[in-house]
Amino acid sequence: DTEVTQTPKHLVMGMTNKKSLKCEQHMGHRAMYWYKQKAKKPPELMFVYSYEKLSINESVPSRFSPECPNSSLLNLHLHALQPEDSALYLCASSPYSQGNTEAFFGQGTRLTVV
Amino acid sequence: EDKVVQSPLSLVVHEGDTVTLNCSYEVTNFRSLLWYKQEKKAPTFLFMLTSSGIEKKSGRLSSILDKKELFSILNITATQTGDSAIYLCAVGARGGADGLTFGKGTHLIIQP
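So the sequences go chain by chain: A and B.
Sequential numbering from 1 applies to the first sequence in the numbering used here.
Sequential numbering from 1001 applies to the second sequence in the numbering used here.
Just so you know, these hints were derived from the structure itself, not from any lab.
Computed list of lysine-lysine pairs in DSSO-like fashion (alpha-carbon distance at most 27 Å, straight line):
id	chain 1	residue 1	chain 2	residue 2
1	A	Lys38	B	Lys1041
2	B	Lys1003	A	Lys38
3	A	Lys9	B	Lys1041
4	B	Lys1040	A	Lys41
5	A	Lys41	B	Lys1067
6	A	Lys36	B	Lys1040
7	A	Lys36	B	Lys1104
8	A	Lys40	B	Lys1040
Quick list of the computed label-pair ranges, beta carbon to beta carbon:
id	chain 1	residue 1	chain 2	residue 2	range
9	A	Met27	B	Thr1081	26 to 34 Å
10	B	His1107	A	Glu3	21 to 29 Å
11	B	Ser1010	A	Asn70	35 to 43 Å
12	B	His1014	A	Ser65	46 to 54 Å
13	A	Asn70	B	Thr1081	38 to 46 Å
14	B	Asn1029	A	Met27	22 to 30 Å
15	B	Ser1052	A	Leu73	37 to 45 Å
16	B	Lys1040	A	Met27	18 to 26 Å
17	B	Val1005	A	Pro69	37 to 45 Å
18	A	Thr16	B	Ser1062	48 to 56 Å
19	A	Ser62	B	Val1005	28 to 36 Å
20	A	Val114	B	Ala1078	41 to 49 Å
Partner residues are not named here, just some residues of chain B that face chain A (Cβ under 7 Å, in silico):
id	residue
21	Lys1041
22	Ala1042
23	Pro1043
24	Phe1045
25	Met1048
26	Leu1088
27	Gly1099
28	Phe1102
29	Lys1104
30	Gly1105
Think of the CB as a built atom: it goes at the ideal place given N, C-alpha and C, for glycine as much as any other residue.
Required output: the full structure, derived from the provided sequences and hints.
See the structure below:
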């Protein structure tokens, strides 16, 4: 199983809503990532979890709140988002986070904030 | 600041042609260079390169890294319409940000 599974596939939310994106992998990977990708742009790193601990937060606004309940799961909690936060949110995992292992991506959640 | 530059940004060729995509980088504490193919959604992994001069091959795709000149190329021979996609180059670094820094991608269109 080389899959990273993300749910939901699509999400439309209002600026006052609270929602969560979920990501799951069963490859035994110890590093998991959230990336944000705007249209016609490359993915941009948001958060890195290594061994279930947050190791990187790339100056992401606090309206995005990551959580890693266990080594297979990664959540991204969303609250009070802005329309400019609309994007494809990609989860990825890799065996370990030392920059020299391949990262496998999920299919993404297409988020629209209205 | 880490930088990854891909060229060309877009390319249109005919089926059967051979294409070469370029990726240059300036990264502190370089560890690896990765190529991904992105169609509608998730980037799918193609190659990871860590050593200079060793070609990686998978079917019609191949890639090589030059750590002295800080670039990599991705070759696709006998292109097919299914090769149409955005090809992303990403670099992994040691320490600091353990995620990947991506280039802007090359949008490749294969015409029948």
